[in-house]
Structures are given as C-alpha cells and as structure tokens.
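So the sequence lines, in the order shown, correspond to chains A and B. Per my numbering, the first sequence starts with residue 1, numbered consecutively. Per my numbering, the second sequence starts with residue 1, numbered consecutively.
Hints listed in this document are in silico derivations from the structure and should not be mistaken for laboratory results. Quantities reported herein were computed from a predicted structural model and do not represent experimental measurements. Worth double-checking, as some hints may not be accurate.
[Said to hold, decoys possible] Derived DEER-like restraints, expressed as beta-carbon distance ranges:
1. 6/A - 106/B: 36 to 46 Å
2. 6/A - 11/B: 39 to 49 Å
3. 75/A - 65/B: 24 to 34 Å
4. 24/A - 15/B: 33 to 43 Å
5. 25/A - 11/B: 21 to 31 Å
6. 34/B - 52/A: 20 to 30 Å
The C-beta atom is built at its ideal place from N, Cα and C for all residues, glycine as well.
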Amino acid sequence: MPLSKEDLEKHIKESIPDSTISIEDLRGDGDHYSATVISKSFEGKSKIEQHKMVYDSLKGKMGNELHALMLKTKTE
Amino acid sequence: MEENSIIDVSENIKNEIKSNDVVLFMKGTPVFPMCGFSAATIQVLSDIGVKFSSVNVLDSNEMREGIKKFSNWPTIPQLYVKEEFIGGCDIIKEMHETGELLELFNSRGIDVKPS
Numbered sequence: 001m002p003l004s005k006e007d008l009e010k011h012i013k014e015s016i017p018d019s020t021i022s023i024e025d026l027r028g029d030g031d032h033y034s035a036t037v038i039s040k041s042f043e044g045k046s047k048i049e050q051h052k053m054v055y056d057s058l059k060g061k062m063g064n065e066l067h068a069l070m071l072k073t074k075t076e
Numbered sequence: 001m002e003e004n005s006i007i008d009v010s011e012n013i014k015n016e017i018k019s020n021d022v023v024l025f026m027k028g029t030p031v032f033p034m035c036g037f038s039a040a041t042i043q044v045l046s047d048i049g050v051k052f053s054s055v056n057v058l059d060s061n062e063m064r065e066g067i068k069k070f071s072n073w074p075t076i077p078q079l080y081v082k083e084e085f086i087g088g089c090d091i092i093k094e095m096h097e098t099g100e101l102l103e104l105f106n107s108r109g110i111d112v113k114p115s
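Based on the sequences and whatever the hints tell you, model everything.
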C-alpha cells in the first residue's frame with residue numbers, strides 16, 4: 001500500500017511542526033520518495049538523531065509501507 | 001521461540017561488529033547488490049578504498065528484522081565502524097561528500113586507499 005506525497009508530508013509536519021518539507025516522488029509510484037526536511041529542532045543533534053526524528057514521524061511506515069525515502073535533513 | 005531467534009541474531013550481530021572494523025549490513029553482496037541504496041553505499045566505500053566485511057540480510061529473515069531492532073533503525077543498508085552505528089545510505093553519502101567519512105576512518109585508525 002503506497003503512501004501519498006500529501007500523507008507523507010502531513011506525518012512529518014505533525015511531528016516536526018516548524019519544518020519546511022520538500023518532497024519529490026522519484027518514480028511517480030508513491031513508493032520511492034526523496035525528501036528534504038529543514039527544521040530548527042535538528043540543531044545540536046547528530047545526523048542519525050535527525051533522520052530518526054523523521055523516521056519516527058512516519059510511525060513504523062518506513063521500511064514497511066514506504067520502501068524508499070531518500071532523506072536530507074538541514075537546520076536552515 | 002521468536003524471542004529466542006532474536007536473541008541469537010543479536011549475538012551474531014555483536015560478534016560480527018566486534019570481529020570486523022567495518023561492517024555493512026546490506027541487501028545482496030558487494031558484487032551483486034540487490035537494492036539501489038546498498039549499491040550506492042558500496043560505491044562510496046569503494047571510492048574511499050576501505051576494507052569492509054558485509055552481511056547479506058536477504059540470507060535470513062531473522063537477520064533482516066534483527067539488525068533493524070538492534071540498531072533501532074528502520075532501513076537497510078547500515079554501516080558499523082568499530083562497533084558503532086554510523087548510519088544508512090543517505091548519511092554515508094552525505095558524510096562522503098563533506099569528507100567526514102574519510103575523517104572518521106582516519107580517526108579510528110582504519111586504513112584507506114583512495115583509488
């Protein structure tokens with residue numbers, strides 16, 4: 001069951017409210033996305049922690065419903 | 001019974017990352033990666049010229065699920081250096097671009113031979 005781009009964005013936004021999110025559906029199949037998430041809340045955190053915050057916002061969908069998400073996190 | 005196999009696999013993972021300085025848990029093998037993300041990570045490690053051992057998580061479902069639990073990380077590949085979880089494909093690629101990855105290997109005393 002693929003995840004829509006809108007749902008993906010909504011999940012991240014709910015978890016990281018101040019985030020600026022840009023998402024690209026790489027193959028147009030709702031299953032391979034590239035996302036850049038910018039948030040002040042990443043400050044002082046390691047890359048692993050930053051990516052984990054995004055994965056956590058997807059509540060277990062990552063690696064299951066959502067197969068591929070290329071992720072970039074930035075603080076500004 | 002399921003609990004037991006998870007305990008076993010986490011012992012296997014511990015042994016693996018203890019006995020090898022650089023370990024990549026991946027889908028497929030370095031010669032035949034079975035997923036684009038694993039292939040991209042192999043490419044980075046080859047560029048840097050670091051020796052690594054690899055574990056094909058497709059060989060066993062216990063390992064495939066076990067490594068995700070062990071690292072508390074939902075995706076594969078996963079790179080370990082000196083028993084420390086470094087990250088997945090995106091982080092490794094980014095660290096390679098900024099030079100942080102090479103720095104990491106240097107600081108841990110791991111030989112690299114850039115081609």
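### Query
What hint numbers does the structure not satisfy?
5
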